[in-house]
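Order-wise, the sequence lines are chains H and P.
Counting in our numbering, the final residue of the first sequence is number 1253, and the numbers go up one at a time with none missing.
Counting in our numbering, the final residue of the second sequence is number 420, and the numbers go up one at a time with none missing.
Hint data in this document are derived by calculation from the structure and do not stem from the laboratory.
Be aware that a few hints might be false.
As the list claims (entries may be wrong) - Mimicking DSSO-like on lysine-lysine, the simulated pairs with C-alpha atoms at most 27 Å apart in a straight line are:
no.: 1; chain 1: H; residue 1: K1163; chain 2: H; residue 2: K812
no.: 2; chain 1: H; residue 1: K1163; chain 2: P; residue 2: K361
no.: 3; chain 1: H; residue 1: K930; chain 2: H; residue 2: K918
no.: 4; chain 1: H; residue 1: K812; chain 2: H; residue 2: K786
no.: 5; chain 1: H; residue 1: K930; chain 2: H; residue 2: K915
no.: 6; chain 1: H; residue 1: K1043; chain 2: H; residue 2: K812
no.: 7; chain 1: H; residue 1: K812; chain 2: P; residue 2: K361
no.: 8; chain 1: P; residue 1: K338; chain 2: P; residue 2: K361
no.: 9; chain 1: H; residue 1: K1131; chain 2: P; residue 2: K361
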Amino acid sequence: MTDDQSSTNTATGTRRIAIDPVTRIEGHGKITLLLDNDNHIQEARLHIVEFRGFEKFIQGRPYWEVPFFVQRLCGICPVSHQLAAAKAVDQLAGIDQLTPTATKLRRLLHFGQILQSHALHFFHLSSPDFLFGFGSDPMRRNIVGVLEKHPDIAMQGIKLRKYGQQIIEAITGKRVHGTGTLPGGMNRPLSQTWRDALLADIEQILQWSENTLRLNEQIHTEHPEHADFATFRSNYLSLVDDAGALEFYHGGLRACDPGGAPIFDQQNYCDYRQLLREEVRAWSYMKFPYLQQLGNEQGWYRVGPLARVNNCDAITTPLAEAARKRFKAFGGEGPVHNTLAYHWARMIEVLHCAESIQCLLHDPEITGADLTVEKGDRRQQGIGVIEAPRGTLFHDYTVNDEGIITKANLIVSTTSNNQAMNESIRSVANQYLDGHEITEALLNHLEVAVRAYDPCLSCATHALGKMPLQVELIDAEGKLVHRLVKNSDGQYSKMDK
Amino acid sequence: MAREATKATEPNNLTIDGQTVPFKAGQTIMDAALAARIYIPHLCHYPGLKPAGNCRLCVVEANGKSVAACITPAQPGQQVCSDTSELNAARLAITQMLFVEGNHICPSCEKSGNCRLQAMGYYLGMLEEHFHQFNPRREIDASHPTVLLDRDRCILCDLCVRASRDVDKKNVFAIAGRGIHARLIVNTASGKLGDSNIEADDLAANICPVGAILIRERSFDSPIGERIYDRLSISDTAMTEHVPDKGKDHD
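Okay, chain H solo, but in the shape it has when bound:
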């Protein structure tokens, strides 16, 4: 199949169905389903319609400015971008080791970020699907509906997110787009006042995290039909620590095949260009990364909570480790490939974050004042990799002798899940599209499949089901056959031609 959209429609006799935009994900997406003459899904494409250009317009800027420039990629996970860039900037400043307090502050910041992002995704964006059903009234299937019908659950989600944001505020000065990292450290200590205030709430946060995890376990164990929804076998990529345990901030790269066997393990992420390749396709601004040794056909992989919990040998905190074992027992042999299990794995990580936050807040060094180390000899390249909420995040910068950025490469988590999201869409579309009419059920189920990955398409905007959604059925000659519109008020309207 050619990558050219128009020729696809005409030369190969396929029809095109477009869903534009996809709602309740971070950013704006558009889905196109390419049908053959027998009304089977020939290909599914999740189009990324925004163009950001950060890699280009940070060229020419001083390297020490980068963490605060690139964090503007996103309003949900700016801390992830700031930390990945900060790790790269440490290298550019000739620094390999931070002070214990600075390292712990960055880890605490990162746990707060993952906690708030995961809470946002499950409670605000995804819980309505599970609490009300995929095909339920869209007017009610949103966070407002959850607040009305399940106020306890909704408030737990809101407060869990708030707690993560408070950690971010305590360390960076603001809940969104603060500062904090410096080349070689951090710019202020955690105050005793903040530490005590956060500790005062941590037991409640742990309890809510356990409640949420339990809810997710029930969703999957009591609804076996979810196991087949958008499910397929894939490779998985993530960081792990030296012992192979779950690690968000710093570790080695591990990739496993669909059977769970390692493709590579404990690889230095600074060598990522020998491990990964990025394929460009004409119809999307988002690239398609793949594992170099397997090639672009077989080498695509999934990242994020499902990949991390599948890939790791253990979790270092007891409650989350027990939850991981239940998760593995549910999946049986090998990795759990159930796409909706992303939500379950995400909540295991929420519990791990809460436990880790408690541990760090009790650490005397967390309020230390030794925050920076001396710069070393400046280097020409810095590569920072972390596990962002949505998956492995790569920041790679090259500077000239004057410290000005000359080249940048960012592989964000959603990019790594690009092919996987298309596979999920195709799987669901084949199950729910009859080839003659676009149904509300199809729209709803396609969105649920994409939403499982918590994609951050623009890394900047998000919507709570208020965006209009349009699906068009276009025949091989480009003629509009049928259109279904979900309006911004959640009401559907049909327009037949």
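Go by the hints and put chain P onto chain H.
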């Protein structure tokens, strides 16, 4: 502008927005206002440096005539209007024009929170830039080991020129060209800051009201909440500004 001679020994008064303000011989309207702790918005004026009247934010009505307060001598009995809706609207428009003429990316600028242009925007209630962005292409000069020149943020206030010439005695900077073609240049054969004799503790390296001239790699040392304008208004800090004996940042 010619300055009317007033005898230093005589008490002289003018009024600013109805308030009687004493002044000494040789003082400008701005001098008298600051001495009386009355704030007249300004960006290119800095007590201790020769005033230049560049930014026009300090334009007031003096006896019905529009004049720049920083360069207009105070006169006995002068009736000055400054804090009026018309003048503040003009100041807001000037500030908006300063923003759109350069590339002021506050969200990622390391001067954010310490920037007088940004603080002026807040002071004047600026909620958007109003005018179309010029998006000029300007050269960044990172050739110096400790001082960075980022022309994207330059508002041509001339403070660095005067500080380097009159205080540091180095004459590192100059404004070349006129009108929209005016630009900050470095007085070296190469035009590069790295070939100048500027040093990090020179006044010229620290007096920039925006982020055009910065000490390198201090980056975001000041945490949010501890930056100058996190705590104070520009109308507060203006009362304590004066060129120090040896060039250090005024703040």
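Hints and how they fare:
1. H:K1163 / H:K812: The given pair, whose Cα atoms are some 8 Å apart, holds under the 27 Å limit.
2. H:K1163 / P:K361: This hinted pair holds, its Cα atoms lying about 23 Å apart.
3. H:K930 / H:K918: holds, 12 Å
4. H:K812 / H:K786: The hint holds at about 24 Å.
5. H:K930 / H:K915: holds, 17 Å
6. H:K1043 / H:K812: holds, 15 Å
7. H:K812 / P:K361: Holds - the C-alpha atoms of K361 of chain P and K812 of chain H are around 25 Å apart, at most 27 Å.
8. P:K338 / P:K361: The hint holds at about 18 Å.
9. H:K1131 / P:K361: Holds, because 25 Å separates the two Cα atoms, which is no more than 27 Å.
Checked against the numbered hints given earlier, the structure satisfies every one of them.
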